[in-house]
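Engineer: Each chain, written out:
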Amino acid sequence: MQANPADRGLSVDEQAKKKDRRPKTPGASKIMDQSAEAQGKLQHNAAPETNMEDGLTLNLQAHIGRHVRALFDEVAREPIPDRLLQLLKDLERSGDK
Amino acid sequence: MRPKVSASLRDSLVAEMSNLRAFAVSLCGDKERADDLVQETLFKAWNHLDSFREGTNLKAWLFTILRNTYFSERRKRRREVEDADGSYAARLSTHPEQYGHMDMQDFRNVLTRLPADQREALILVGAAGFSYEEAADICGCAVGTIKSRVNRARNRLADMLGLSESDVAPEDSPTAPIGIPRTA
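Residue numbers (the numbering used here), protein chains in the order written: chain A, 27 to 123; chain B, 11 to 194.
Keep in mind that the hints were calculated from the coordinates and are not lab data. We treat Cβ as the ideally placed atom computed from N, Cα and C, and that holds for glycine. Treat the hints with care, since some could be wrong.
As the list claims (entries may be wrong) - Listed next, the in silico PhoX-like pairs over lysine-lysine satisfying Cα-Cα at most 25 Å (straight line):
1. B:Lys86 - A:Lys115
2. B:Lys54 - B:Lys86
3. B:Lys157 - A:Lys115
4. B:Lys54 - A:Lys115
Claimed, not checked - One-sided and incomplete, this derived list gives chain B residues near chain A with beta-carbon spacing under 8 Å:
5. Asp21
6. Val35
7. Leu121
8. Gly172
Whole structure, please, built from the sequences with the hints as guidance.
Structural biologist: Rendered as structure tokens:
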């Protein structure tokens, strides 16, 4: 979804006027708040912040980070295999001697 | 003679086993082998507990033992099977088609195709919760080396997955912005 390029150059007031053409409904002001916010994000997307050292945008870095963590956590949440628990018991027994 | 292990140290060991397993799986990509690695790590750690000072970073110590075990075995193995990883990577070197979005399986696949040192750095810093400094200690290299490995790992993943900014919506934004007029 891209904003109408023609809207890009408009001031916030002018954009608000355009939106005023839509029927007034309860909660309309809330919708306008969201759209102003979304507009800000679109502009952010148009020129995403880039970590120069890395060459990837912060969004991309975060996206990759989430997947790396998810893969790791998936394994970390698994129950510990019996043979490892057994090894620990054996080691403890040998330490008690 | 084996050292007598304090109950608290034993509990911490058990508590770290889940993370150790996850790290081992991410290094070797194979759960059977990962459990062998954890087993060997536990065994070594237990027999060298006297060289560990209680109150210092047990997690980092265990991770160091595990990765050293993994890489020294890998070096031995590579002498036997010439560049196993290299030929594996070559077979898979076709780029995946542009994904609209990637699922975890895609991601798991490309992660195994990263060079081992880059994958290791990315997991330590990005998933296991270590600082760049701790990761450098664990891997026995400079902090700058870890940083550049992490950067190269991320770039390579993005490249292999054909990811670009347009594939990635900021976490908290709606996919379709609400209320923006489409026509003037």
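Engineer: Would you list, in rising numerical order, the hints stated earlier that this structure does not obey?
Structural biologist: Failing hints, ascending: 1, 3, 5, 8.
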